[in-house]
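Line by line, the protein sequences give chains X and B.
By my numbering, the letter at position 51 of the first sequence is numbered 51, and the numbering carries on one by one without gaps.
By my numbering, the letter at position 331 of the second sequence is numbered 331, and the numbering carries on one by one without gaps.
In short, the hints are calculated from the structure, not lab data.
Backbone N, C-alpha and C fix where the C-beta goes; we use that ideal spot for every residue, glycine too.
Do not rely on the hints blindly, as some may be mistaken.
Computed, partial: chain X to chain B, Cβ under 7 Å [said to hold, decoys possible]: (1) Ser78; (2) Leu82; (3) Gly148.
Derived BS3-like pairs: lysine-lysine, alpha-carbon spacing no greater than 30 Å straight-line [to be verified]: (4) X:Lys9 with B:Lys144; (5) X:Lys144 with B:Lys144; (6) B:Lys144 with B:Lys222; (7) X:Lys144 with X:Lys287; (8) B:Lys222 with X:Lys219; (9) X:Lys222 with B:Lys222; (10) B:Lys219 with B:Lys144; (11) B:Lys309 with X:Lys222; (12) B:Lys83 with X:Lys222; (13) B:Lys219 with X:Lys9; (14) X:Lys270 with X:Lys196; (15) X:Lys222 with B:Lys9; (16) B:Lys83 with X:Lys144; (17) X:Lys83 with B:Lys144; (18) B:Lys270 with X:Lys83; (19) X:Lys144 with X:Lys219; (20) B:Lys9 with X:Lys9; (21) X:Lys196 with X:Lys309; (22) B:Lys83 with X:Lys287; (23) B:Lys287 with X:Lys33; (24) X:Lys287 with B:Lys33; (25) B:Lys83 with B:Lys33; (26) X:Lys144 with B:Lys9; (27) B:Lys144 with X:Lys222; (28) X:Lys270 with X:Lys310; (29) B:Lys310 with B:Lys270; (30) B:Lys222 with X:Lys33; (31) B:Lys287 with X:Lys83; (32) B:Lys219 with X:Lys222; (33) B:Lys309 with B:Lys222; (34) B:Lys48 with B:Lys83; (35) X:Lys222 with X:Lys9; (36) B:Lys287 with B:Lys270; (37) X:Lys9 with X:Lys33; (38) X:Lys309 with X:Lys270; (39) B:Lys144 with B:Lys83; (40) X:Lys144 with X:Lys222.
Protein chains: 2
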Amino acid sequence: MIIPVELGKYSYDIVMERGASRRAVEIFNLHRKGMLGADENVPPARVKDVAASCREVHIFTVRGGEAAKNLAVFEQISASMLKNGFDRGDCVLALGGGVTGDLAGFVAACYMRGVDFYNIPTTLLAQVDSSIGGKTAVDLGGIKNIIGAFHQPRGVIVDQELLASLDQRQMACGAAEIIKIAAALDEELLALIEEKGIAASLAEATARAIRLKAGVIEKDEKEGGLRRVLNFGHTLGHGIEAVTGLFHGECVALGMLPMSGEALRARLTKILAREGLPVSCRAEAAKVVEAAMHDKKARQETIITVQVKKAGEFEFVPLDREGLLRAYNEVFA
Amino acid sequence: MIIPVELGKYSYDIVMERGASRRAVEIFNLHRKGMLGADENVPPARVKDVAASCREVHIFTVRGGEAAKNLAVFEQISASMLKNGFDRGDCVLALGGGVTGDLAGFVAACYMRGVDFYNIPTTLLAQVDSSIGGKTAVDLGGIKNIIGAFHQPRGVIVDQELLASLDQRQMACGAAEIIKIAAALDEELLALIEEKGIAASLAEATARAIRLKAGVIEKDEKEGGLRRVLNFGHTLGHGIEAVTGLFHGECVALGMLPMSGEALRARLTKILAREGLPVSCRAEAAKVVEAAMHDKKARQETIITVQVKKAGEFEFVPLDREGLLRAYNEVFA
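This is chain X alone, in the form it adopts within the complex (with noise of 0.2 Å):
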């Protein structure tokens, strides 16, 4: 299945297909020199597959999740395409989570101000979310995100079978992304994954959230307004992140629960228990809202929430530090 991005002369296409990653050669252009971000939990198989697919290739593992993305391995990267004699012709790709996709992604955007860029991403996560829609970053300071830019890839592949090598709780925080999406732009497949459960339901509901997330990209592909839905769970969840060290995807399930209607949130608590994730969270109120609010996409004294009353209906609610205070509080307190 192609899933087309439609950007203008930044479109690409999202090829979704188990095995896809084997047949990269006849999928990307890689008649060129190619610098393979590969994530150090990929089996070497699926990396030698990849790489095989380049005309000239170099590899550069990504250890130590997302301690790694920082500016001295973006460095090292970028040093070593210089040293190769990589020029503006030639590409990056990304074989891993969303920590390699977004550092690779930036030494992409960079690198004589931008090179292609193909990612395969290997987590549920990143083939739902971190994937689609241009972001690459690394952080600073501890802070997640902080520099980056936007680079739409060339190419991304989207092949279920990298999912094999996955435990339990990965597949949940991809899940939780799914069911975001779902919750706050799409009642039907919301109720697909009441009904089946996402395990089976899984290329169904991944190719779907994949279109929802990339129709609200073409609709606003620099977060200007309504890219902002996708933040949906993302406010307390940063802030439930930053205190208690769970998962990301564990954090958005969290979050989306304050934001949410009263019967929606009903709907959602079960649906999020079912897939393993928390619904419940004993972190200290004012300690998860001064997070929240140091989060970077904070301004001033209020940040903008997504609200969904109903599942698919959201609003943008601006909210100052007692209401994050109140609504986390009603759900977990």
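Got chain X sorted already, so can you dock chain B onto it with the hints?
Using the frame of chain X, we list chain B on its own:
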């Protein structure tokens, strides 16, 4: 005088007027935090004028010329913005030459994936060349501009009062870029310079050069084609710069001569010499060409050079090592 640069939603105005830098508060939107990158060579009173225009200002002094254009300084400025609570709605300003503009512009391009950037170039070279077109960058491993982005400014002020503190050699370097664009694109402007010299025609020559460059950028924002014309004199020029350490404008002056038709070359030699620019070069041809081939614009074994047979009539000609050697030796051996 206002020179509009039409780039769709990235359009902006270049305000060219003596004393305009003292009225930045009226011209730019500075009712917010501003990080001001100020060249150490700009007189303190000028820095104070601009700083006073911002609601809240933080100043970063750019020291050491080209050496300051690196990722470590980039990180320092970004970290200072983070520490001081800059968010997406704040801005970065540059007050200085090309180095300051490139560095501050790249910070603006990447901080939170892009904040507004305002540029007040203080050298003739930056006023007619580097401040126009949205190219931002830092150097890597001793190679210029390897890491960068296209990030258009929101506004530019060209204030010729700021040129008062420049020495003759710096003025000549700016003159070289004006002569370059005149030779490649505007026979009339070249004739004007030929008749009066740059000093006597400074305001008119600057305004026309800016308009010409803006016109090229409007047609080719990201250097896919036409924009290459701006590289006239730059291929061998970069090689000469790497080998001799002469100033950039001086090397562009030299680099144009082997790429010009015979009659034009004779005209340019007189014009350049009168502006105090070099017209002969004793650097070893093989070294110059080697350095030119290493320049980041080099792909494979040939370089696309800009040749100007007659003023205003340019063409793109791919040359290999041999071709470059021959051209260089024909003029300088």
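Do the hints match the structure? See the list:
The criterion of a C-beta within 7 Å of any C-beta in chain B is met by Ser78 (chain X), whose closest approach is roughly 6 Å, and the hint holds. A distance limit of 7 Å between C-beta atoms decides the matter here; for Leu82 (chain X) the minimum to chain B is near 5 Å, and the interface restraint holds. Satisfaction of the interface hint for Gly148 (chain X) is found here, the shortest Cβ-Cβ separation to chain B being roughly 5 Å, below the 7 Å cut-off. For the hint pairing Lys9 (chain X) with Lys144 (chain B), the CA-to-CA distance comes to about 28 Å; that is within 30 Å, so the pair holds.
Annotation: proposed proximity of Lys144 (chain X) to Lys144 (chain B) holds, straight-line Cα distance about 29 Å (limit 30 Å). Distance check on the hinted pair: Lys144 (chain B) and Lys222 (chain B) sit about 18 Å apart at the alpha-carbon level, within 30 Å; holds. Between Lys144 (chain X) and Lys287 (chain X) the CA atoms are separated by roughly 18 Å; this keeps the pair inside 30 Å, and the hint holds. For the hint linking Lys222 (chain B) to Lys219 (chain X), the alpha-carbon distance of about 23 Å falls within 30 Å, and the restraint holds.
The straight-line distance between the Cα atoms of Lys222 (chain X) and Lys222 (chain B) is roughly 18 Å, inside the 30 Å bound, and the hint therefore holds. Between Lys219 (chain B) and Lys144 (chain B) the alpha-carbon distance is near 25 Å, which keeps this suggested pair within the 30 Å criterion. Taking the CA atoms of Lys309 (chain B) and Lys222 (chain X), the gap is about 44 Å. The hint is violated against a cut of 30 Å. Restraint check for Lys83 (chain B) and Lys222 (chain X): the C-alpha separation of about 24 Å stays at or below 30 Å, so the hint holds.
A hinted pair counts as satisfied when its Cα atoms are at most 30 Å apart, and Lys219 (chain B) with Lys9 (chain X) qualifies at roughly 15 Å. Distance hint between Lys270 (chain X) and Lys196 (chain X) is fulfilled; the C-alpha atoms sit about 13 Å from each other, no more than 30 Å. Taking the CA atoms of Lys222 (chain X) and Lys9 (chain B), the gap is near 12 Å; set against the 30 Å cutoff, the hint holds. Distance hint between Lys83 (chain B) and Lys144 (chain X) is fulfilled; the C-alpha atoms sit about 14 Å from each other, no more than 30 Å.
Between Lys83 (chain X) and Lys144 (chain B), the direct Cα distance comes to roughly 14 Å. Compliance with the 30 Å bound is thereby established for this hinted pair. For a cut-off of 30 Å, the pair hint linking Lys270 (chain B) to Lys83 (chain X) is broken: about 41 Å separates their Cα positions. In summary, the hint linking Lys144 (chain X) to Lys219 (chain X) is supported, as the alpha carbons are separated by about 25 Å, within the 30 Å threshold. For a cut-off of 30 Å, the pair hint linking Lys9 (chain B) to Lys9 (chain X) stands: about 15 Å separates their Cα positions.
The straight-line distance between the Cα atoms of Lys196 (chain X) and Lys309 (chain X) is roughly 23 Å, inside the 30 Å bound, and the hint therefore holds. At most 30 Å may separate the alpha-carbon atoms for a hinted pair to count; Lys83 (chain B) and Lys287 (chain X) meet this at roughly 19 Å. The hinted pair formed by Lys287 (chain B) and Lys33 (chain X) meets the criterion: a straight-line CA distance of about 27 Å does not exceed 30 Å. Distance restraint check for Lys287 (chain X) and Lys33 (chain B): the Cα-Cα separation of roughly 27 Å lies within the 30 Å cut-off, and the hinted pair is therefore satisfied.
In summary, the hint linking Lys83 (chain B) to Lys33 (chain B) is supported, as the alpha carbons are separated by about 13 Å, within the 30 Å threshold. Taken as a hint, the Lys144 (chain X) and Lys9 (chain B) pair is honoured in the structure, with Cα atoms around 28 Å apart against an allowance of 30 Å. The hinted pair formed by Lys144 (chain B) and Lys222 (chain X) meets the criterion: a straight-line CA distance of about 29 Å does not exceed 30 Å. At roughly 16 Å between alpha-carbon atoms, Lys270 (chain X) and Lys310 (chain X) fall within 30 Å of each other, so this suggested pair holds.
Our distance criterion of 30 Å between C-alpha atoms is met by Lys310 (chain B) and Lys270 (chain B), whose separation comes to about 16 Å. This hinted pair checks out: Lys222 (chain B) and Lys33 (chain X) have alpha carbons roughly 22 Å apart, not beyond 30 Å. Among the hinted pairs, Lys287 (chain B) with Lys83 (chain X) is consistent with the structure: their alpha-carbon atoms are about 19 Å apart, no more than 30 Å. Simply put, Lys219 (chain B) and Lys222 (chain X) have alpha-carbon atoms about 23 Å apart, close enough for the 30 Å limit, and the pair holds.
For a cut-off of 30 Å, the pair hint linking Lys309 (chain B) to Lys222 (chain B) stands: about 26 Å separates their Cα positions. The straight-line distance between the Cα atoms of Lys48 (chain B) and Lys83 (chain B) is roughly 23 Å, inside the 30 Å bound, and the hint therefore holds. For the suggested pair Lys222 (chain X) and Lys9 (chain X), the alpha carbons sit about 15 Å apart, so the restraint of at most 30 Å is met. At roughly 27 Å between alpha-carbon atoms, Lys287 (chain B) and Lys270 (chain B) fall within 30 Å of each other, so this suggested pair holds.
Taking the CA atoms of Lys9 (chain X) and Lys33 (chain X), the gap is near 23 Å; set against the 30 Å cutoff, the hint holds. Using a Cα cut-off of 30 Å, the hinted pair Lys309 (chain X) and Lys270 (chain X) holds, with the two alpha carbons roughly 17 Å apart. Simply put, Lys144 (chain B) and Lys83 (chain B) have alpha-carbon atoms about 29 Å apart, close enough for the 30 Å limit, and the pair holds. Annotation: proposed proximity of Lys144 (chain X) to Lys222 (chain X) holds, straight-line Cα distance about 18 Å (limit 30 Å).
Violated hints, in rising order: 11, 18; the structure is consistent with all others.
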